[in-house]
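Q: So you can see what is in the structure, the chains are spelled out below.
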Amino acid sequence: MSDISSLLKTPLYNQHVALNARIVDFGGWALPVNYSSQVDEHHAVRKSAGMFDVSHMTVSDITGSDTLPFLSKLLANDIQKITSIEGKALYSCMLNEGGGVIDDLIVYYLGDSYCRLVTNAGTNEKDMAWLQKQAALFTDVTVTEKPELALIAVQGPTALQDLQKIFPGQISELVSQLKRFQGGFADDTFIGRTGYTGEDGVEIIIPADQASDMWNRLHEAGIQACGLGARDTLRLEAGMALYGSDLDENHTPLDSGLSWSVAMKDDRNFIGKQALSVPSKYRMIGLVLEGKGVLRGHQPILHNDIIIGEITSGTYSPTLSQSIALARINNDPEIEAGTLLKVQIRKNQIDARVVNYPFIKK
Amino acid sequence: MSMTYYTSDHEWLIVEGDLVTIGITDHAQEALGEIVFVESPEVGQTSQKGETIAVVESVKAASDIYAPINGEVVETNSNLDDTPELVNESPEGDGWFMKIRIQEPFDASDYMSRETYLESLDD
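From first to last, the protein sequence lines are chains A and W.
Each residue of the first sequence is one higher than the one before, starting from 1 at the first, in my numbering.
Each residue of the second sequence is one higher than the one before, starting from 1001 at the first, in my numbering.
Hints in this document: simulated from the structure, not taken from any laboratory.
Watch out, some of these pointers could steer you wrong.
[Unchecked claim] No farther apart than 20 angstroms at their CA atoms in a straight line, the calculated lysine to any residue pairs in the SDA-like style are these:
| hint | chain 1 | residue 1 | chain 2 | residue 2 |
| --- | --- | --- | --- | --- |
| 1 | A | K126 | A | G28 |
| 2 | A | K347 | W | Y1066 |
| 3 | A | K281 | A | I329 |
| 4 | A | K292 | W | M1112 |
| 5 | A | K347 | W | V1055 |
| 6 | A | K362 | A | Y91 |
| 7 | A | K88 | A | V59 |
| 8 | A | K347 | W | S1040 |
| 9 | A | K73 | A | T63 |
| 10 | A | K292 | W | D1081 |
| 11 | A | K347 | W | E1085 |
| 12 | A | K273 | A | A263 |
| 13 | A | K292 | W | Q1048 |
| 14 | A | K292 | A | K281 |
| 15 | A | K292 | W | Q1103 |
[To be verified] Here are some chain W residues pointing at chain A (derived, C-beta under 7 angstroms):
| hint | residue |
| --- | --- |
| 16 | M1003 |
| 17 | A1028 |
| 18 | E1057 |
| 19 | A1062 |
| 20 | R1101 |
Even glycine gets a Cβ: it sits at the ideal position worked out from N, Cα and C.
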């Protein structure tokens, strides 16, 4: 592992150290992979509530009278879907001209001249370059990265009621009013009822100098601190794509099982749309391992002894007590839920069954 | 009489005559996290020092276990097939991986004592 001192640190780094976290180099950031048992952290989120420091992710504000035309061109999903409700959130991919995914993101509509984007950490540099390049083609739109903001996700079936108890007043009131996939401000704290675990909960965007206080209060109230390890098993059980594993610039959203997030059926012209008019050669499937082992990214998938694709991300599911994976395979209609395939795990071929995902139903 | 030795790959060896029992250290299991699968070698397989001899899958990741010594695998811990968590619970006891029969005399200078190993973790 590289020297911790050379890594970027979030405003909550000292909290992680104090909680005895195992810190890893995650794309140049010093982040906790787990604090205690990764499986216990996972179960805390499924059964009650857990919190994650996701401050490495990028928040940027889009402002100016061209905000909506800009996002309409930039995003594969249609920003017009959310412009009737202030605070509403939308998931979308941001594509290059070839239809490849530059990044996936959440956009919040906060007004016709103000939207907020949350993008991935590992893609920060190219995202910002792309956003600035595209913004320059409009007369009045400004993209402002907000590195002074921290992000804390609080997720789980009791997350909303826990937050209302821990933070009476403005935050409690806001949380009680938020509908799913909607956000709003309580003073300078932005709370969105979104997440990456398949559970109800929120993502809190807070000025960095207030983040430690919020984290400590959550911790003192008994909310389980969860690391990147649990974050990955939770999101995969929920069937949510991870950029860099299930999504990349060499594949379109249609190749990655995200056609639901692409708004093709109108005359809106977004970047990459042309490339999406050709049917995808691939499709995404869920797999559950029937034999022993653990499915992992890049393991080949075989059907009748022929390689038909590979796993894009796999793990051991603590909820199901078996291994699960997302896989990209050739678009063969013969393969459907229930079909038994083989996965090459090192020198063995192990049975894996095709299933519909999410792997857990909520 | 048996002697226990350690490697910089966080493995331990218990040497009893020409029979060497192998496993991973408490520090290693702690770093790996919850272990959910152990892929053991076949009995009769040659163990070549430095080559992958087993794979440990934790919830987090797959990790290769490198053979710490030359020889022949004569037994694997079949309890790990159904209860891989033994490696977490008892890494230097019931969570042993395999037994290797060595042909050459054991050379202790290739390995660390427990004391030296534990000191190396503080660096």
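Q: Checking each numbered hint in turn, tell me which of them this model violates, lowest number first.
A: 4, 11, 13, 14, 15, 16, 17, 20
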